[in-house]
Amino acid sequence: MTNQTLTGRHLIGIKDLSVQDIELILQTAEQFKEVLQRPIKKVPSLRDITIGNLFFENSTRTKLSFELAEKRLSADIINFSASGSSVSKGETLLDTVQNILAMKVDMIVVRHPSVGAARFLSERIPAQVINAGDGTHEHPTQALLDAFSIREKKGTLQDIKVAIIGDVLHSRVALSNILLLRKMGAKVKVCGPPTLLPKFIQSLGVEQTYQVKEALKWCDVANVLRIQTERQDLQYFPSAREYQQYFGIDRALLDSLDKEIILMHPGPINRGVELTTDAADSKHSIILNQVENGVAVRMAVLFLLANRPLSN
Amino acid sequence: MNAVTKSKGKIIASKDSLTRSIQRLCFQLMEHHGDFSGSCIIGIQNKGVWLAERLKEKLYQLDPKLAILSGKLDITFFRDDFRKGNKILTAASTEIDFLIENKRVILVDDVLYTGRTIQAALQALQQFGRPASVELLVLVDRRFNRHLPIQPNYVGMRVDALEEAYVQVKWSEEGDTDKIIMFDSEPKQI
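Chains A and B, in that order, give the protein sequences. Position in the first sequence counted from 1, then plus 8, gives you the working numbering. Position in the second sequence counted from 1, then plus 2, gives you the working numbering.
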């Protein structure tokens, strides 16, 4: 194998990654997945690195997954949540981060409600930045772990048909997934109510439909998104009940298809809205595999970003 | 050692002598491990794995009744030069689908130089259980270049060379014939 590393110093979005970068991350994640099966799951690679996890927005999976990945790589970590911090006293993002960096932090993982927050920081601070979600823009590690999970089941991403169903307009998971899947040769169809599909989405090389059954019949993999009520400033659909009627996926709908599809969801699930309990917990679902793979993929990203000659 | 040409290196073991060394190592292993029950062979990625394959192939030829447990170990995540030099490390796969608890482990690598790879391998090995013992088999022992107190149990050949010299084992898997080459310094493209 040739010596390879990522092209960029930071991970801001899938947009900046080359096909080789994505391939390298997915391959390295396979090695980390094996490490996570061992009786002792810790490796010493990042023992001289300090990582700050800066979460300006709520998170369960991403935060725990990054934290565990960092611990498995032996990094020192500090955690920061906006709630209960001086952010409520009016401290700016840059001031907050620079104060944290003054404590000699090498790398930061940042989640923020504003689009572009991660890039803003990466251009202004010496530490390496990993975007753990910036508003409705990108969530690169989620897209990488989704791709890893699909590849694990299907063996490849080339020509795999992926339907992304739900609140595409407000979803950073959708944008990162579309960019990654298109780069890796998969086919993508988005599906949702017209109000929740962005205009000109076809310019990203995806098809669109308003019929959930049509999308499910077409696809090999259905990635179902959460209805993001916290980002919806307008009434995009009449009621959760009506959304469930037209776009919700239940067991009967899955059983009516003449093939087995893979069901994914980035979490948290609104049970009974986009997915019913019998669908979310069915044999089609790989939702918990996604969470498991998240740790391996994030270990790969952290390892590869740290894996640079010191002269650079 | 004779003078080494700067660019191409000097062949210090041909395919035939390599085959003979491997055969001798196999007899030594059989002497110490009998039918290999309770023993296992672990090759260090990448080139130690190829040597381990050669050893297994020869052992099966010598005694087809043998059943030998074997695995591959990648030590990238345990190396002590991560972020220390100019080299970028790339991980390979680890395939050990058994516990080494109470087993006699034979660790296999191509060249023993500073001993740092073996130190990392010993650390990595601990994740798979507590072995009864660990032995080290190498094809080439550069015995005057050690940074750590690590010595091999089985040696193909000993090479006494200057610190800056570079010894490389080539395998047919790399699209070459089996041989050992010595360069007077590390080639740019390996």
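Just so you know, these hints were derived from the structure itself, not from any lab. One or more of the hints may lead you astray.
Cross-link-like lysine-lysine pairs, in silico, DSSO-like; alpha carbons within 27 Å at most [to be verified]:
no.: 1; chain 1: A; residue 1: K50; chain 2: B; residue 2: K60
no.: 2; chain 1: B; residue 1: K172; chain 2: A; residue 2: K50
no.: 3; chain 1: A; residue 1: K162; chain 2: A; residue 2: K195
no.: 4; chain 1: B; residue 1: K17; chain 2: B; residue 2: K172
no.: 5; chain 1: A; residue 1: K112; chain 2: A; residue 2: K97
no.: 6; chain 1: B; residue 1: K89; chain 2: A; residue 2: K41
no.: 7; chain 1: B; residue 1: K172; chain 2: A; residue 2: K161
no.: 8; chain 1: B; residue 1: K89; chain 2: A; residue 2: K49
no.: 9; chain 1: A; residue 1: K49; chain 2: B; residue 2: K17
no.: 10; chain 1: B; residue 1: K49; chain 2: A; residue 2: K112
Checked hints:
Of the pairs offered as hints, the one joining K50 (chain A) and K60 (chain B) is violated, with about 36 Å between alpha carbons and a cut-off of 27 Å exceeded. Taken as a hint, the K172 (chain B) and K50 (chain A) pair is broken in the structure, with Cα atoms around 33 Å apart against an allowance of 27 Å. Proposed proximity of K162 (chain A) and K195 (chain A) is supported: the alpha carbons are some 14 Å apart, at most 27 Å. Distance hint between K17 (chain B) and K172 (chain B) is fulfilled; the C-alpha atoms sit about 10 Å from each other, no more than 27 Å.
In summary, the hint linking K112 (chain A) to K97 (chain A) is supported, as the alpha carbons are separated by about 24 Å, within the 27 Å threshold. Taking the CA atoms of K89 (chain B) and K41 (chain A), the gap is about 24 Å. The hint holds against a cut of 27 Å. A threshold of 27 Å between alpha carbons decides the hint, and for K172 (chain B) with K161 (chain A) the separation of about 36 Å lies outside it, so the pair is violated. Distance check on the hinted pair: K89 (chain B) and K49 (chain A) sit about 25 Å apart at the alpha-carbon level, within 27 Å; holds.
Between the alpha carbons of K49 (chain A) and K17 (chain B) the distance comes to roughly 40 Å, so the proposed pair goes past 27 Å and is violated. With a C-alpha separation of about 39 Å, the suggested pair K49 (chain B) and K112 (chain A) falls outside the 27 Å cut-off, and the hint is violated.
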